[in-house]
Structures are given as C-alpha cells and as structure tokens.
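> Note that full-length UniProt numbering gives residue 152 to position 152 of the sequence shown, counting from 1, and the numbers run on in steps of one.
Honestly, the hints are just simulated from the structure, not real lab data.
As the structure is a prediction and not an experimental result, all values here were calculated from the model.
Backbone N, C-alpha and C fix where the C-beta goes; we use that ideal spot for every residue, glycine too.
Careful: at least some of the hints might be erroneous.
List time: in silico EDC-like cross-link candidates among lysine to aspartate or glutamate, alpha-carbon distance up to 20 Å [what the hints assert, rightly or not]: (1) LYS167 x ASP20; (2) LYS73 x GLU268; (3) LYS129 x ASP20; (4) LYS129 x GLU165; (5) LYS167 x ASP26.
Quick list of simulated restraints, FRET-style, between CB atoms [said to hold, decoys possible]: (6) SER233 x TYR76: 24 to 34 Å; (7) ARG64 x GLY130: 47 to 57 Å; (8) ARG242 x ARG168: 23 to 33 Å; (9) HIS147 x SER214: 38 to 48 Å; (10) GLY213 x ASP74: 45 to 55 Å; (11) LEU137 x CYS255: 33 to 43 Å; (12) MET1 x PRO247: 38 to 48 Å; (13) ALA61 x HIS2: 29 to 39 Å; (14) SER214 x LEU272: 23 to 33 Å; (15) TYR277 x ALA98: 21 to 31 Å; (16) GLN66 x LYS199: 38 to 48 Å; (17) TYR76 x PRO247: 38 to 48 Å; (18) HIS32 x TYR277: 29 to 39 Å.
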Amino acid sequence: MHEFTDGCAAQYKSRHCFGDISQTSDDFGYQHFTRNFFETSHAKGPQDAAGGIIKRQADCAILRGQTQIRTAKDLYEYANSFLTQPRSHCKRRIFRYAETIHRDNRLSFKPVPSIRSLHQVRASRDSAKGLINISELSCFCVNCCHHMYDQCSNSIKTGGYTEWEMKREYRADAQENEENEQVSLQDDEEEYYMLKVEKSMETLRIDTTDSWGSLLPVGTPVFRGLYYNKMNSPFQYRLVNRKAVVPAASVVYICSEVTANNVIRITEETHLNVLEYINEIKC
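Sequences and hints are given; from them, build the entire structure.
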C-alpha cells in the first residue's frame with residue numbers, strides 16, 4: 001500500500017500518526033505500507049478534494065432544497081445517487097456505508113525527532129512490531145520498489161532510511177514529574193491544546209513570561225488561563241494548575257458546550273470539528 005498525502009500535522013504527519021502506521025500490518029494485514037508526504041502546497045488538486053467535494057456538494061444540495069441530509073446514511077444515499085459519475089480526472093467513485101465503526105482507544109506515542117523534515121515513512125510485516133523506517137525524501141528506484149531499501153540507488157540524495165521504534169506514551173509517565181507534563185503540553189506535534197480561559201482578552205502592556213516559559217511581547221492580544229492535559233481515556237482532559245498566557249490569534253475553536261471543571265470530556269464530534277478548523281488553517 002502506497003499513500004500520498006500532504007503534511008498536515010493535525011491529520012497525517014504527527015508522532016501519533018506514525019505510531020498508527022507502525023501498527024498497520026497487524027491492523028490491516030499489509031505486507032508493506034508506505035506513506036509519502038508532498039511538499040507544502042504541492043498536494044492541491046483533484047486528489048486533495050477526495051473528501052471535501054462530498055461535503056461541498058452536500059451543502060449546496062441542502063441549500064438548494066434538493067435533498068435533506070440528517071444522518072450518515074442519508075449522506076451515503078445522496079452521494080451514491082448523485083456523485084458516482086465524476087467530472088474530474090477520476091475514473092470512478094465508490095461509496096460504502098458502514099453502520100458502525102469500531103474505534104480502539106486512542107494511542108499516544110513518544111516524539112519522533114525532526115518529524116517535519118520527513119517525507120516518507122514505511123512499515124513492514126517483516127519488521128518487529130512498532131518499528132518504522134523514515135527518510136527525509138521519498139525514493140522509487142528499482143531497488144526500493146522491490147523492497148531492497150538497503151540497496152537504494154539514491155541514498156546519497158535521500159539520506160537513506162533510519163529505523164525508529166515507536167514507543168507508547170502513557171499518562172503515568174507524564175505524571176511522574178511535572179517537567180514531563182510540560183513537555184506533553186508544549187510538544188508542537190500535539191493536534192491542539194485545551195485551555196480554560198479565566199479572563200477576557202487583554203493586550204499585554206509589558207513583555208510577559210507565563211509559568212510554562214512562553215515569552216510574549218508587549219502589545220500582544222492574549223487570553224490568560226490554565227491548560228488541560230490529555231488523559232488516557234479518549235477525549236478526556238485534566239486541568240493543570242499552572243498559569244498560561246496564550247496569544248488570542250492561536251484560538252481556533254470555543255467549546256461553549258463544555259463546563260470548565262477540573263476534568264472535562266469533549267465529544268468526538270467536537271474533536272473532529274476542531275481538526276477541521278486546524279486543517280483549513282494549516283493546509
């Protein structure tokens with residue numbers, strides 16, 4: 001299996017996504033699995049609209065009064081009736097309706113060094129579980145196409161492949177000391193952060209450093225509050241009692257339906273809405 005995608009950290013290119021790839025052989029039975037990342041802005045086109053076109057067409061159909069879509073099955077029936085005949089470079093579109101989706105508990109993995117510079121990640125049934133091979137550039141020379149990666153013809157240009165073990169990250173590891181908790185929150189590979197806002201937006205009158213070591217210059221519009229840290233249970237967060245100062249421009253979503261308790265839980269729908277906003281901004 002070969003995948004080609006953009007490098008959006010919220011969806012495809014994060015340590016947790018790499019960890020998921022390391023489990024691919026067991027989960028789906030692939031002998032070899034490769035994900036390749038396009039350079040910034042190079043993945044735009046028909047292939048990038050695979051999911052977006054369905055949402056846009058459905059929105060337009062509802063606004064025009066052509067259909068009513070209230071459930072996933074309604075969307076499937078609409079797409080199957082009106083969107084199977086493509087108008088782009090695709091030869092055909094096939095839609096499948098799944099009554100239910102089995103979702104394992106969300107897995108967290110420890111960081112991968114220089115992840116933003118990587119453009120290819122591989123997993124193989126022949127490798128030990130949890131092992132991946134990473135490279136700064138993709139290669140499809142004859143040897144690589146035959147899975148003889150140690151004989152890559154372009155290793156000088158690509159830098160070759162590095163074997164990396166994806167290690168699980170448990171909440172107990174982060175709770176052993178406060179510094180690990182800080183790393184978890186400050187890691188820029190997290191999809192997003194939850195913040196309990198304690199004051200309305202203000203503009204800094206002096207350069208300010210918060211309890212996390214973030215330095216913000218005078219004149220920056222900010223919110224003050226407390227971060228939430230992810231717990232082991234999916235979509236559940238625990239309040240961290242350390243003051244944070246966050247640029248107002250970094251706020252992408254307001255969870256108005258969530259009561260700001262010490263432990264909160266968001267719905268999967270809210271989680272997906274946040275990811276959609278992040279994807280629009282980054283990608």
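> Take the hints in turn and mark each one as holding or not.
Do the hints match the structure? See the list:
Taking the CA atoms of LYS167 and ASP20, the gap is near 11 Å; set against the 20 Å cutoff, the hint holds. In summary, the hint linking LYS73 to GLU268 is supported, as the alpha carbons are separated by about 18 Å, within the 20 Å threshold. Taking the CA atoms of LYS129 and ASP20, the gap is about 11 Å. The hint holds against a cut of 20 Å. About 9 Å separates the Cα atoms of LYS129 and GLU165, which keeps this hinted pair within 20 Å; it holds.
At most 20 Å may separate the alpha-carbon atoms for a hinted pair to count; LYS167 and ASP26 meet this at roughly 16 Å. In this structure the hint that SER233 and TYR76 lie 24 to 34 Å apart at CB holds, the actual value being about 30 Å. Checking the proposed 47 to 57 Å range against ARG64 and GLY130 shows it holds: the Cβ atoms sit about 50 Å from each other. In this structure, ARG242 and ARG168 meet the distance hint of 23 to 33 Å, their C-beta atoms being roughly 25 Å apart.
Between HIS147 and SER214 the CB atoms are about 45 Å apart, so this pair conforms to the stated range of 38 to 48 Å. As the Cβ distance of GLY213 to ASP74 is approximately 49 Å, the hint placing it in 45 to 55 Å holds. Distance hint check for LEU137 and CYS255: the Cβ-Cβ separation is about 40 Å, which falls inside the suggested range of 33 to 43 Å. The beta-carbon spacing between MET1 and PRO247, approximately 40 Å, falls within the hinted interval of 38 to 48 Å.
A hinted range of 29 to 39 Å for the beta carbons of ALA61 and HIS2 is consistent with their spacing of about 33 Å. A C-beta distance of roughly 28 Å is found between SER214 and LEU272, which places it inside the suggested range of 23 to 33 Å. At roughly 25 Å, the beta-carbon separation of TYR277 and ALA98 lies within the given 21 to 31 Å, and the hint holds. A hinted range of 38 to 48 Å holds for the C-beta pair GLN66 and LYS199, which are about 47 Å apart.
Evaluation of the 38 to 48 Å hint for TYR76 and PRO247 yields a pass: the beta carbon distance comes to about 41 Å. Our hint of 29 to 39 Å for HIS32 and TYR277 holds, since their Cβ atoms are close to 34 Å apart.
The structure shown violates none of the earlier numbered hints.
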